[in-house]
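Residue numbers (my numbering): -14 to 91.
Take the hints with a grain of salt, since some may be wrong.
Between beta-carbon pairs, the in silico distance windows are [stated by the list, open to error]:
(1) Asn86 with Arg56: 35 to 45 Å
(2) Glu40 with Arg0: 30 to 40 Å
(3) Ala33 with Pro71: 40 to 50 Å
Straight-line alpha carbon distances no greater than 30 Å define the calculated DSS-like cross-link-like pairs of lysine-lysine that follow [as the list claims (entries may be wrong)]:
(4) Lys50 with Lys2
(5) Lys2 with Lys74
(6) Lys74 with Lys3
Treat the hints as calculated values from the structure; they're not laboratory data.
Using N, Cα and C, we set each Cβ at its ideal position, and we do this for glycine too.
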Amino acid sequence: AVPRTRILATGGASRNKKILQVLSDVFSAPVYTIDTTNSACLGSAYRAIHGLVAETNVSLADVVKLAPEPRLAVTPTAGAEELYRPLLKRYADLEQKVIYNPASSC
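With these hints in hand, go ahead and build the complete structure from the sequences.
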């Protein structure tokens, strides 16, 4: 796991605990959700505000301080990292192969 990594899940699928558990297990990170609708619009609005105040050296972190507080939904299942770590490595290797040598990967 990447140190201090967490996943923020939003949208309709974030209500499905089984999907959240898979995310948590695969990435060996806790998954948080927020109680808000239209989260994509909310995120876009925060980025727009950040763009407006960018000249004042206000960070995006400062802009989103008033955002709804994420709630911990699930944590990784014990032992899941040992199962998924080799699969993530394999996926990353295949992705690199496709990116850097697409003709030979088909």
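(message) Are any of the numbered hints broken by this structure? If so, which, sorted upward?
(response) Nothing - there is no hint that the structure violates, so all of them hold.
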